[in-house]
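Asker: What follows is the residue order along each chain.
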Amino acid sequence: RKEVEQDPGPFNVPEGATVAFNCTYSNSASQSFFWYRQDCRKEPKLLMSVYSSGNEDGRFTAQLNRASQYISLLIRDSKLSDSATYLCVVRSTGFQKLVFGTGTRLLVSP
Amino acid sequence: GAVVSQHPSWVICKSGTSVKIECRSLDFQATTMFWYRQFPKQSLMLMATSNEGSKATYEQGVEKDKFLINHASLTLSTLTVTSAHPEDSSFYICSARDQGGDEKLFFGSGTQLSVL
Numbered sequence: 254r255k256e257v258e259q260d261p262g263p264f265n266v267p268e269g270a271t272v273a274f275n276c277t278y279s280n281s282a283s284q285s286f287f288w289y290r291q292d293c294r295k296e297p298k299l300l301m302s303v304y305s306s307g308n309e310d311g312r313f314t315a316q317l318n319r320a321s322q323y324i325s326l327l328i329r330d331s332k333l334s335d336s337a338t339y340l341c342v343v344r345s346t347g348f349q350k351l352v353f354g355t356g357t358r359l360l361v362s363p
Numbered sequence: 066g067a068v069v070s071q072h073p074s075w076v077i078c079k080s081g082t083s084v085k086i087e088c089r090s091l092d093f094q095a096t097t098m099f100w101y102r103q104f105p106k107q108s109l110m111l112m113a114t115s116n117e118g119s120k121a122t123y124e125q126g127v128e129k130d131k132f133l134i135n136h137a138s139l140t141l142s143t144l145t146v147t148s149a150h151p152e153d154s155s156f157y158i159c160s161a162r163d164q165g166g167d168e169k170l171f172f173g174s175g176t177q178l179s180v181l
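Protein chains in written order, with this note's numbering: chain A, 254 to 363; chain B, 66 to 181.
Note that these hints are calculated values from the structure, not bench results. Glycine is no exception: its CB is placed at the ideal position from the N, C-alpha and C atoms. Do not take every clue at face value.
Said to hold, decoys possible - Cut-off 20 Å, straight-line C-alpha distance, at most; resulting in silico cross-link-like pairs (EDC-like, lysine to aspartate or glutamate):
(1) 106(B) x 309(A)
(2) 255(A) x 124(B)
(3) 295(A) x 256(A)
(4) 298(A) x 92(B)
(5) 106(B) x 268(A)
To be verified - Between beta-carbon pairs, the in silico distance windows are:
(6) 110(B) x 334(A): 37 to 43 Å
(7) 91(B) x 304(A): 28 to 34 Å
(8) 135(B) x 304(A): 23 to 29 Å
(9) 139(B) x 284(A): 24 to 30 Å
(10) 323(A) x 75(B): 21 to 27 Å
(11) 293(A) x 82(B): 25 to 31 Å
(12) 80(B) x 270(A): 42 to 48 Å
(13) 254(A) x 73(B): 33 to 39 Å
(14) 268(A) x 80(B): 41 to 47 Å
(15) 308(A) x 128(B): 36 to 42 Å
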């Protein structure tokens, strides 16, 4: 079983739609969680950290369920510019390295 | 914000040659840098952790004699792919952590290596 699992997609949605991505992680000792965005052949860029209480940044909402070892990202009012691959990233306590999911590809169409 | 510069961004080489990729932290010191590899439609896979002034720590399955890492200063780490073969063709990305910063990592722009 992969340490971080995501549905690879692609998710094809029209502009203005709401879309949600899910991610599960296998290491219960994981302490830090992030969503990164990666455009084709570019470096990943931090979208937002994920906190136990859930957090929101504009159109983006991230939630963490430690009991189910599950992370989600919700994008409201999708824009064409949101088209990218969204990477779920996890880090365990005491380790500096991050473990990346395979990413979920989002395609927003006019 | 913090910037990590990675060079070159694209390299094409013949099989059997060696390729060096540089990763520099431009406005902060990084005692630790990370090297990742990403094959098409796959996730970033950590290859090794580069430690300034000491030997790199390689992940399981990564050949340390093939992927030479040197972290001689607090702002520069290099990855050398020795005797490159077509199967080494991939997207290589470095990241660095600000020594005095938070848990965020800053990524280089990546190097697309194509071995003919």
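Asker: Checking against the hints above, which ones are violated?
Answerer: 1, 3, 5, 6, 8, 10
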